[in-house]
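Student: Since the structure of chain A is already known, use the hints to place chain B on it.
These protein sequence lines are chains A and B, in that order.
Reminder that position 76 of the first sequence reads as 954 in the working numbering, one-by-one numbering, no gaps.
Reminder that position 345 of the second sequence reads as 1223 in the working numbering, one-by-one numbering, no gaps.
Everything labelled a hint here was simulated from the structure, so no lab data went into it.
Where hints are given, some of them may not hold.
Repeated chains share a single entry, so a pair holds when one copy, or any two copies, can fit it.
What the hints assert, rightly or not - Dumping the calculated BS3-like pairs for lysine-lysine here, alpha-carbon to alpha-carbon at most 27 Å:
id	residue 1	residue 2
1	Lys1205	Lys1093
2	Lys1142	Lys1070
3	Lys1143	Lys1070
4	Lys1143	Lys1132
5	Lys1224	Lys967
6	Lys1088	Lys1189
In this text the structure is predicted, and so the values were computed from the model without any measurement.
Protein chains: 2
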Amino acid sequence: MVEYYGKNDFSGILALVGTDLKGEREDYMSLKVAVMGYGTIGSGVVEILEQNREVIAHRVGQELEVKSVLDLRDFEGDPIQKKIVKDYKQIAEDDEIDIVVETMGGVEPAYTFVKAMLLAGKSVTTSNKALVADKGAELIAIAREQNVNFLFEASVGGGIPIIRPLQSCLTGDVIEEIIGIVNGTTNYMLSKMSFWGKEFDEVLKEAQEKGYAEKDPTADIEGYDACRKIAILTSLVAGQQVDYEDIPTEGISKITASDFKYAKKIGREVKLLATSRRVGDTYVCRVAPYLIPASNPLYHVNDVFNAIFVKGNMLGDSMFYGSGAGKLPTASAVVGDIVEMAKNLKNNLYLEWNPEKLELADAEKVQARYFGRTRATDEQIEKAFGVVDYIDVGIDGEVGFTTSLMPEGELAKRADALRTKGELSVIRML
Amino acid sequence: MVEYYGKNDFSGILALVGTDLKGEREDYMSLKVAVMGYGTIGSGVVEILEQNREVIAHRVGQELEVKSVLDLRDFEGDPIQKKIVKDYKQIAEDDEIDIVVETMGGVEPAYTFVKAMLLAGKSVTTSNKALVADKGAELIAIAREQNVNFLFEASVGGGIPIIRPLQSCLTGDVIEEIIGIVNGTTNYMLSKMSFWGKEFDEVLKEAQEKGYAEKDPTADIEGYDACRKIAILTSLVAGQQVDYEDIPTEGISKITASDFKYAKKIGREVKLLATSRRVGDTYVCRVAPYLIPASNPLYHVNDVFNAIFVKGNMLGDSMFYGSGAGKLPTASAVVGDIVEMAKNLKNNLYLEWNPEKLELADAEKVQARYFGRTRATDEQIEKAFGVVDYIDVGIDGEVGFTTSLMPEGELAKRADALRTKGELSVIRML
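So that you can see chain A by itself, here it is in the shape it has in the complex:
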């Protein structure tokens, strides 16, 4: 990968730099940063570096300057225009640039670009959970070889500090459990359904109008986003690769306004949870909607907020709460990484995430209680699930119930039996 070490010959580009966004000449040596992808998060990073310039310079001990921004668009008339470059190699080959921010999203071409930057001896931070879940182990290893850093605090929980706390604070503990509300879109939607009694389709439309949900909301509402995030967290606490494809994942698209009626009747809320629990030397993971009780601190996490509950074998319960998405909160986490990397320019901060794949424990063996609602008779319900507690919220011809503990593996069998009798929807209980 020697090509990225070539001498910089973009003199035309270089003539543009050395000026900050205000157009002032920088006469002292500033630390040069490049941003790849000038979308929501990327522009947020530039905004924070500008707006909090002084305090950040003070913390780093040196001024930070955005030298280049990689984007296919031109941003004509925007002050950023003069920093736009079209080819990532211009950044990779620019020896002045020490720190690169990746906020493009998706595995490719982000992977190719980030790898090139690391191999060129630059530290990289990313907010891109797809990239980290897929290529984290490899990129961490390359960063270590190059004695630079690859950080990704913003890839999980947006602005919430969770990765660094796990890496440098909860290090006296064996992490027993992580339960996260790690997707702002779905938490916003579930909060609205709960509060207003609205149906899924209606709140999805609202969320899209407000920009909280994408035009194609699949990754959020089907739990794929949350799945990648819990794969990242589990990889970090286990110290080795967890493949997100191995994690059973269920989204919220089947949740209805009626589910909330039953949930409220038993003092619970419906939340999409990304879970990971230690079982011997490995972990068992699942992403699914759960009914959670008011005694759990996650019950109170509403709207676009995220929270990550972490249980250590010595620490006990802890929770990290904050803005899980949004331009500035997420960019704030990226800038936190930039500062950390700027303070450790030639010092690899050890992150353990071996490429060797961790075999997760069998999620079918987990015991759980379930909430169901069906049009079947009590007799049919009890034949399928044994002793249950009934919940009546006055919906005609339908009854809700909660089961006793049973293995996940038995649920499908029992549920199938009932489904043919009178429909059935099931939500797990925490």
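Tutor: Okay, now just chain B, sitting in the frame of chain A:
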């Protein structure tokens, strides 16, 4: 301070070491740790280092071994007995020991001992908020000169990671506000008063019986403990010394069961808060009981749990929640520091806390709303406080009310006027 560099001549003591708690001979080089103060936290640290030995060794890349424990007691028959030393100089002069834990509490002799350890080139972690609030700036400076570390994660919020996240995560932000429930004893007491409708004296007795409150509970119930903790946090975000004596501090000893009746009527809880808010280039701080609404995440923090709400100018709202006290949670934070220091043995992790005193903004100028209850007439109330909202909870001859916004400085004047008419108790509203 040359005396601490003297050659180690405690050969008798040295003969005892090199054995771990299980009595096994360590043939490889392990990193040696000393613990000063074998009380609740200190013994918790030894317990965690033993119980999580493997995972900690893996993270550090080297086994950790408790070599010496400083305590005046003998612990006869206890496996720790053979590690007990009586003179701190034995530890300071032991060149094998790289890391020292201080869990004695109080400013002296902890200060003398810790300073000696740092000057002897050892890294030190402490759970002692009195020491940190008083001597933090100086000890940080000594650690920097010696190229070792002085860390104190456990001094605020027990097991909750808050100091390192402020130092290495929220570094892209200007911290606008910190509001903490940072005292487990008082939060336990207030939770019990709220839940059971009990009076202060009764829950204090209970808390003492359960070991949640000290025999002399003054430091907790009068807010002195919380005051030192918010002084530490404010020093860290401001980067300079905040004297805890400058922070107006009020405890919970005047809170009654009746206050909770009014609070509940308006959907609020009473919590002892330690607050710090940025005002221009400085901060304004106060420790006092507050009525907080259910929309605030701190409302839901009950029992001995602590939580620290942090607002960044970019990040927005975040909160760190967990076990704020207790043997293992607090020791877990100490061990987290040990691991961090073990990974940075000859690398000072920069902490900014200059000894130059920060002049806090005038807390009397802060505008707040107040809740009051009194036996005075409506006319007298309105004469003193202007337009108020009344709250009736059916207590004979007494009425509750909430005021509009007014400066703290005016409160005393207005309250005094009313107090003479028909008693008055006042709680701030968040």
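Student: All the hints need checking, so say for each whether the structure fits it.
Tutor: Hint check:
1. Taking the shortest alpha-carbon separations for lysine 1205 and lysine 1093, only the intra-copy value of 18 Å comes in at or below 27 Å, while the best inter-copy value is 50 Å.
2. In this assembly of identical chains, the alpha carbons of lysine 1142 and lysine 1070 lie at most 27 Å apart whether taken from the same copy (14 Å) or from different copies (25 Å).
3. For the homomeric pair lysine 1143 and lysine 1070, the shortest alpha-carbon distances inside one copy (17 Å) and between copies (26 Å) are both at most 27 Å.
4. Only within a single protomer do lysine 1143 and lysine 1132 lie at most 27 Å apart by alpha-carbon distance; the minimum there is 20 Å, versus 38 Å between protomers.
5. Taking CA atoms no more than 27 Å apart as the test, lysine 1224 paired with lysine 967 passes inside one copy only; the shortest distance there is 22 Å, against 37 Å between copies.
6. In the homo-oligomer, the alpha carbons of lysine 1088 and lysine 1189 lie at most 27 Å apart only across protomers (24 Å), although the nearest pairing inside one protomer, at 34 Å, exceeds that limit.
Violated hints: none; the structure is consistent with every hint.
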